[in-house]
Amino acid sequence: MGKRVAMEVSIAIAEAVKLARAEVIAAYPITPQTHIVEHLSELVANGELDAEYVTVESEHSAISCCLGSVATGARTFTSTSSQGLALMHEILFIASALRLPVVMVVANRALSAPISIWNDHSDIMAQRDIGWIQTFAENGQEAVDLVLHAFRVAEDRNVMFPMIVNIDGFTLSHVIEPIVLPDQEDVDAFLPPFRPKYKLDPRKPISIGAVGVPEIYFEAKKAQDEAFKNSRRVILRAWKDFATRFGREYHPVETYRMEDAEVGLLIMGSLAETAMTAVDKMREEGKKVGLIRLRLWRPFPTKEFRKAVSGLPVLAVIDRALTPGASGGPVGTEVRSVLYHCARRPRVVNFVAGLGGRDVTVEDFEEMADRAFFYKKKRPKEAYELIGVRES
Amino acid sequence: MIAELSKFKGFTVKNLPKDEPFAPGHRACQGCGEVLALRLAMKALGRDVIVASATGCMEIISSPFPHTSWRVPWIHIAFENAAAVASGVEAALKVLKRHKRFPKNKRVSVVAMAGDGGTADIGLQALSGALERGHDFLYICLDNEAYMNTGVQRSSATPYGAMTTTSPPGAKSFGQMTWKKNLPAIAVAHNIPYVATASPAFFLDLMNKVKKASLIKGPAYIHIFSPCPTGWGCKGEDSIKLARLAVDTKIFPLYEVIEGKYYITRKVVRPKPVEEYLKLQRRFRHLTPEHIEEIQRRVDAEYEKLLKLAEL
Chain A
1 MGKRVAMEVS IAIAEAVKLA RAEVIAAYPI TPQTHIVEHL SELVANGELD
51 AEYVTVESEH SAISCCLGSV ATGARTFTST SSQGLALMHE ILFIASALRL
101 PVVMVVANRA LSAPISIWND HSDIMAQRDI GWIQTFAENG QEAVDLVLHA
151 FRVAEDRNVM FPMIVNIDGF TLSHVIEPIV LPDQEDVDAF LPPFRPKYKL
201 DPRKPISIGA VGVPEIYFEA KKAQDEAFKN SRRVILRAWK DFATRFGREY
251 HPVETYRMED AEVGLLIMGS LAETAMTAVD KMREEGKKVG LIRLRLWRPF
301 PTKEFRKAVS GLPVLAVIDR ALTPGASGGP VGTEVRSVLY HCARRPRVVN
351 FVAGLGGRDV TVEDFEEMAD RAFFYKKKRP KEAYELIGVR ES
Chain B
1001 MIAELSKFKG FTVKNLPKDE PFAPGHRACQ GCGEVLALRL AMKALGRDVI
1051 VASATGCMEI ISSPFPHTSW RVPWIHIAFE NAAAVASGVE AALKVLKRHK
1101 RFPKNKRVSV VAMAGDGGTA DIGLQALSGA LERGHDFLYI CLDNEAYMNT
1151 GVQRSSATPY GAMTTTSPPG AKSFGQMTWK KNLPAIAVAH NIPYVATASP
1201 AFFLDLMNKV KKASLIKGPA YIHIFSPCPT GWGCKGEDSI KLARLAVDTK
1251 IFPLYEVIEG KYYITRKVVR PKPVEEYLKL QRRFRHLTPE HIEEIQRRVD
1301 AEYEKLLKLA EL
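So the protein lines, in turn, are chains A and B.
Going by our numbering, the first residue of the first sequence is number 1, and it counts up by one from there.
Going by our numbering, the first residue of the second sequence is number 1001, and it counts up by one from there.
Keep in mind that the hints were calculated from the coordinates and are not lab data.
Careful, some of the hints might be misleading.
Okay, the calculated beta carbon distance ranges per label pair [stated by the list, open to error]:
# : chain 1 : residue 1 : chain 2 : residue 2 : range
1 : A       : I216      : B       : G1151     : 18 to 26 Å
2 : A       : P193      : B       : K1267     : 50 to 58 Å
3 : A       : R203      : B       : E1294     : 49 to 57 Å
4 : B       : A1003     : A       : R157      : 40 to 48 Å
5 : A       : T361      : B       : P1103     : 56 to 64 Å
6 : B       : H1291     : A       : R203      : 14 to 22 Å
Cross-link-like lysine to aspartate or glutamate pairs, in silico, EDC-like; alpha carbons within 16 Å at most [claimed, not checked]:
#  : chain 1 : residue 1 : chain 2 : residue 2
7  : B       : K1106     : A       : D201
8  : A       : K221      : A       : D129
9  : A       : K3        : A       : D183
10 : B       : K1100     : A       : E262
11 : A       : K204      : B       : D1048
12 : B       : K1097     : A       : E304
13 : B       : K1094     : A       : D50
14 : B       : K1094     : A       : D201
15 : A       : K378      : A       : E262
16 : B       : K1272     : B       : E1293
17 : B       : K1104     : A       : D201
18 : B       : K1279     : B       : E1311
19 : B       : K1100     : A       : D201
20 : B       : K1250     : B       : E1294
21 : B       : K1097     : A       : D50
We treat Cβ as the ideally placed atom computed from N, Cα and C, and that holds for glycine.
With the hints as constraints, model all of the structure from the sequences given.
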């Protein structure tokens, strides 16, 4: 049942891609994704992974190359960060609309300018509408497990959508953690070979990427939207099967000490671990604080999320990205919208924290919880508040 | 000589394939020289191919859902990335063959194609990357010398003096004020095994070059001159005539570069004046005799350079 070893998370992700038997990898190096693709290059160079590693000249070509490869029927992986993801933007929509199930790990990093190699979620939050299934890992083990899960879900014939696993740059990608790498035969049993129904093959020619005239474009998008929403069944089933085989459970929304909570902190990614420490501390002080983590971001787990916050007085949504001039951070606006039709809904307070590698400490979480308690009785004046930023 | 070509006999009028991998019924304009070049190229390639097209005229006219002209597997992703998409197709075929998921001995030609905009401008980086990486694929540039699909805007492959909607002649302009980018030379600079130019007016030459390029292992690049009556302001029935005149005036010489060595495949012994070619097209109508002289001088000089390269 796998061996527990101390390993850098990026290396573990590359090992997971190897366990998944990826056949084509096309990637362009960008900090902090580099260790993932460097290790994959090494695995291919050593013959430990029998794959084609295409050393493309840009992220735009990386994702384009991936689409060519997956359309030909090969299991395909890529990884990027920040500017690289932004450069892919145009092609990401095409990947999902053409139902080409590439798996990508994004080592989340701030967007320029000012140029910053450090962590936040502004890269991925600019990609909310691309139609990719998106999950967020909280630690190294989750990253490994979610990569295996991603291949299984993306390539399922009832899904056929590309998938992103988000890991926080540096705070997750570059740390060494104890991680269980599953055994190859167990992964093989969980993850069958990629057998797409339609692919580029001269023995059975098809055309991919036709022109959508006004008579058909809308229907094509409707079909895509319906299929995307339906993917949640497969996402859940794959997690259930994963739990049976590997003993680790995953859910779209996870809660921590939310029973009787008066303030719930909502966060995505690796900061949840710091948030848990803060919750424990505040609970000891008698403050009724809990934590909600969104593991699945797209398709948004509306049902599970509403259940997680039912009866909660105040929800503090912590965004790791700023959307200038908007009515909140990306997660904040999403969550408010999801709750709008609920008769009994928590007051939603939105914080933006940890931009461009700014630490978010236990004390910061305490401050946010305290403010949320204050807003239990008083409506906040601003759509969102910045935490951990200097006044001048 | 390249080993893969040792058994290559070549097409003649007697052994032309009857099969048309690119089907009629598409939406190209009357007299389109580009779609003719495409049809000839596909005829030469046969059915064991996978084509990655860039956005552009040939993509638009061939694939209005639910119709398709492609009797071979075909994929279109975007404008600037045909070479990158083809890289992925080629990489996938290689690994699938190793993993016994595709017949090992089945030779499939991977072909990327784009217009001059998708090649010389927005797609140049992806093309350069794919050529440099040495993928076993053929890249075909169908050059109609402007962004025709969007309504005749200039590209870096638009010839000097030509009128387009973004290089209009006026009080301070005589049309395109730059000289055509030499794409075959850029391809040659990547030290790839095969580069050629072709014209639909010389259809056997075109088909043979395409076939050779597809047989050679490694990257190959073919630049095909593609008259566009709509964009050039010429008669539809003059398409082939112009394709021929471009060669006979030395404006678009036909040659091959095999492993770095230049071979002129159609020597122009008695060249016609460039004016004969220019005067049939509305895009050059505003040019003065001085402009035409300037073009003639440049064309002569470029041809001399090419002859010198072929002598090396």
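Hint check results:
In this structure the supplied range 18 to 26 Å holds for A:I216 paired with B:G1151, their Cβ-Cβ distance being about 24 Å. A:P193 and B:K1267 have their C-beta atoms about 55 Å apart, which keeps the hinted 50 to 58 Å range intact. The given range of 49 to 57 Å is respected by A:R203 and B:E1294, whose C-beta atoms sit roughly 54 Å from each other. Under the hint 40 to 48 Å, the C-beta atoms of B:A1003 and A:R157, about 42 Å apart, fit the expected range.
About 59 Å separates the C-beta atoms of A:T361 and B:P1103, a value consistent with the hinted range of 56 to 64 Å. Our hint of 14 to 22 Å for B:H1291 and A:R203 is violated, since their Cβ atoms are close to 54 Å apart. Under the criterion of a C-alpha separation no larger than 16 Å, the hint pairing B:K1106 with A:D201 is consistent with the structure, at around 11 Å. A hinted pair counts as satisfied when its Cα atoms are at most 16 Å apart, and A:K221 with A:D129 qualifies at roughly 13 Å.
The suggested pairing of A:K3 with A:D183 holds, with an alpha-carbon distance near 8 Å, which does not exceed 16 Å. This hinted pair does not check out: B:K1100 and A:E262 have alpha carbons roughly 59 Å apart, beyond 16 Å. Taken as a hint, the A:K204 and B:D1048 pair is honoured in the structure, with Cα atoms around 10 Å apart against an allowance of 16 Å. Distance hint between B:K1097 and A:E304 is unfulfilled; the C-alpha atoms sit about 44 Å from each other, more than 16 Å.
Restraint check for B:K1094 and A:D50: the C-alpha separation of about 11 Å stays at or below 16 Å, so the hint holds. At roughly 13 Å between alpha-carbon atoms, B:K1094 and A:D201 fall within 16 Å of each other, so this suggested pair holds. At roughly 14 Å between alpha-carbon atoms, A:K378 and A:E262 fall within 16 Å of each other, so this suggested pair holds. Proximity of B:K1272 to B:E1293 is assessed by CA-CA distance (about 13 Å); at most 16 Å being required, the pair is judged to hold.
Annotation: proposed proximity of B:K1104 to A:D201 holds, straight-line Cα distance about 13 Å (limit 16 Å). With a C-alpha separation of about 33 Å, the suggested pair B:K1279 and B:E1311 falls outside the 16 Å cut-off, and the hint is violated. Proposed proximity of B:K1100 and A:D201 is supported: the alpha carbons are some 14 Å apart, at most 16 Å. Pair hint B:K1250 plus B:E1294 holds up; C-alpha atoms about 14 Å apart against a cutoff of 16 Å.
Restraint check: the Cα-Cα separation between B:K1097 and A:D50 comes to about 12 Å, which is no more than 16 Å; the hinted pair holds.
The earlier numbered hints that this structure contradicts are 6, 10, 12, 18.
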